[in-house]
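Peer 1: Dock chain B against chain A, hints included.
2 protein chains.
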Amino acid sequence: MSHSNYNQAMLALGQAPSVIRETFEYGNRRAQEIGRENVFDFSLGNPSVPTPDAVQNTICRLVEETDPIQLHGYTSAIGAEPVRAAIAEDLNRRYDTGLSASDLYMTCGAAASLTITLHAILCPGDECITFAPFFPEYRVFVEATGAQFTVIDADTESFQMNLAAFSDTISAKTKAVMINTPNNPTGVVYTEENLQKLCEILRRKSAEYGHPIYLIADEPYRELVYDAATVVPYLTKLYAETFVCYSYSKSLSLPGDRIGYIVVSPQMTDNRLLYAAICGAGRALGFVCAPSMMQQVVAKNLGLTADLSIYRKNRDLLYNALTEYGYRCIYPDGAFYLFVEALEQDANAFCQKARDYELLLVPSDSFGCKGFVRISYCVTTEMIERSLPAFQKLAEAYRKS
Amino acid sequence: MSHSNYNQAMLALGQAPSVIRETFEYGNRRAQEIGRENVFDFSLGNPSVPTPDAVQNTICRLVEETDPIQLHGYTSAIGAEPVRAAIAEDLNRRYDTGLSASDLYMTCGAAASLTITLHAILCPGDECITFAPFFPEYRVFVEATGAQFTVIDADTESFQMNLAAFSDTISAKTKAVMINTPNNPTGVVYTEENLQKLCEILRRKSAEYGHPIYLIADEPYRELVYDAATVVPYLTKLYAETFVCYSYSKSLSLPGDRIGYIVVSPQMTDNRLLYAAICGAGRALGFVCAPSMMQQVVAKNLGLTADLSIYRKNRDLLYNALTEYGYRCIYPDGAFYLFVEALEQDANAFCQKARDYELLLVPSDSFGCKGFVRISYCVTTEMIERSLPAFQKLAEAYRKS
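Just so you know, the protein sequences line up as chains A and B, in that order.
Every letter in the first sequence is one number past the one before it in the working numbering, and letter 324, counting from 1, is 324.
Every letter in the second sequence is one number past the one before it in the working numbering, and letter 128, counting from 1, is 128.
If you are wondering where the hints come from, they were derived from the structure by calculation, not from laboratory data.
The C-beta atom is built at its ideal place from N, Cα and C for all residues, glycine as well.
Heads up, a few of these hints could be off.
Stretch-level coverage of chain A by chain B, calculated; a stretch enters the list once three of its residues show a Cβ under 8 Å from a Cβ in chain B [what the hints assert, rightly or not]: (1) 12 to 26; (2) 36 to 48; (3) 64 to 74; (4) 128 to 139; (5) 272 to 286.
In silico DMTMM-like links for lysine to aspartate or glutamate, alpha-carbon gap of 25 Å or less [what the hints assert, rightly or not]: (6) Lys370/B to Glu341/B; (7) Lys353/B to Glu22/B; (8) Lys393/B to Asp316/B; (9) Lys300/A to Asp53/B; (10) Lys300/A to Glu65/A; (11) Lys300/A to Asp316/B; (12) Lys173/B to Glu208/B; (13) Lys300/B to Glu65/A; (14) Lys313/A to Glu37/A; (15) Lys300/A to Glu64/B; (16) Lys173/B to Glu200/B; (17) Lys370/A to Asp153/A; (18) Lys205/A to Glu223/A; (19) Lys300/B to Asp67/A; (20) Lys300/A to Glu65/B; (21) Lys313/B to Asp67/A; (22) Lys300/B to Asp53/A; (23) Lys313/A to Asp67/B; (24) Lys353/B to Glu385/B; (25) Lys237/B to Asp227/B; (26) Lys300/B to Glu64/A.
Bound conformation, chain A alone:
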């Protein structure tokens, strides 16, 4: 006999307060009181640059020129073969990855890529490790499989991976490690050297424990890097036991259309079995297939991105100004987040104080790291410009106190 009329864990998740959502809603109330233009909302990670016209045109052209039964029909669960082949070819051209269509599985976006991959490999009793600070839904996704979610404390100087702590934490129950580079919430890009070291550790520990430890690379921000010198290595090339989870949400500014994919490394031990487990997990979770029309849309716009130069301009403006005002900012090579040390120990208290200046920031606690705030600069450049005096006054207020 069951103990409850519903699944208590799901209820708890559904009722969990979200500081990001609460901040966003506060911003909406405040905008009604004092006008939208006087509220500086840096809370949400939504793309602020429109999808390219080419993407919009592709949608209309597909609707006008394709048999509607085919355009709106199911694809196979793994995605349309020509779409997977085209994406594989594009990745091979850009990264020399040696992928084929059968290494790709189309998904309903980044979250689906992650939940499907995690369900394919994790069982209760297993452990999945990640590095702080991290996207808070990682915990939700891992714990939904029944596995244990373990966090490696942040290196609050560099915000690179704390590899010594990682190596010490891995045990026989460690089945996977999830990484996110360029990183949400810091904007840091893990260096190739550090990624090589991570893979070395994984190879050594996999051999020691006699089973592969999988690397799950969450890469929605892959294309969002702002300096020519910044390299984001393709991880299947560094480590055979790699799943790459991708989404077009950020690169093409299509978050609402739910389209992405999983790459199962062709070098992976038991590649075909793991791919089949991905198929099984997608089926069990109820995904059926990735949105068919959007599969066609992304396949016809490979290599294209939204105008990412706006994010670079925003980054430079905000980083330079805040550094000048005396804030300690982590230099973001990618994504659209600036991670800034709070001016008092308690980041929540700091964010409350920032609201006195109509600045809406997200405290770092929910990302698994205390004492910082996340500033999402996927906003208009003009709003950033108008917000700068407020950041300056906030810093001054702390200097006076």
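Peer 2: Relative to the frame of chain A, chain B by itself:
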């Protein structure tokens, strides 16, 4: 320490043979050998009628006239408020249901509606019951929650619900019952009288065991009924503890676009808690939000359906002809399936024999009921006409033997 490099249950699901897929692939091979026009493939449940022009026009208009950041942006996890309000109003108009926007949760289609609802209520140790014959993924979806899946044997005369057996099966561990009317694979619509009796049993047993037994109504075929007299009651009106799982895949011929919703009955005990559990389950499974643009598209085409008269024409043609040839056909009031008794005990053997006449049918075994075949009549009327001599010869072959 884990016993496997992957989740064995997911691997098994990913590797499971599917008789429908196998039949479809056989059809493709056969089409290459003898020409597509000579193969009569009745295996797939894909809409064969195009989505209305109005839907196509809405997509283009939205792309041309909406701010792309908004059109392709995230909605809240539960779906855009105006979309939910519009759907609630449409349902209230059609069925006098008294729903509000806050009773609806937008999803990525029927499968997502089901997995989210099941995860919201079921825990390991619970039981979910369904009536044979049933859509085979029900077992996958229920077992993914850790709950037990229990099947009530078919009433092979009427293919209505076997309520006596159902009443005898319910126990303290029964948390939910799933029904599907109009039904896949039979096309039968459960009578209002039988649905009233089902709800009576649920009320009595809920009282007896001291907890609600939920009714999960899987309704992708709601609008696919062909006789003016056929009534498909709205189940929240018959029973308070009801979830309605809907998808636009069949009614608007948009299966690839993955758009649907869950209705949580406003009369449900703990309605707000159950709604929160739905939110938690959607989050844990990785759905984020239903496709944003498609939310707008369906909200702007409420009350519209694809041209369903083609399915009625197909039904009449096939039912009348096969009955005339001596087949025992279950009269389908809805959906686009005809359920026909096999001409020998083993439906698999019968389907193999049918292939000698290039007829591709699906044996009923995977639907939890032996001795029948499913004929999907979501095909061209012209293919049905050309296939009739083959059905006639198949019947004659059995009469001779």
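Peer 1: List in ascending order the numbers of the hints, as given earlier, that are violated by the structure.
Peer 2: Failing hints, ascending: 4, 11 and 18.
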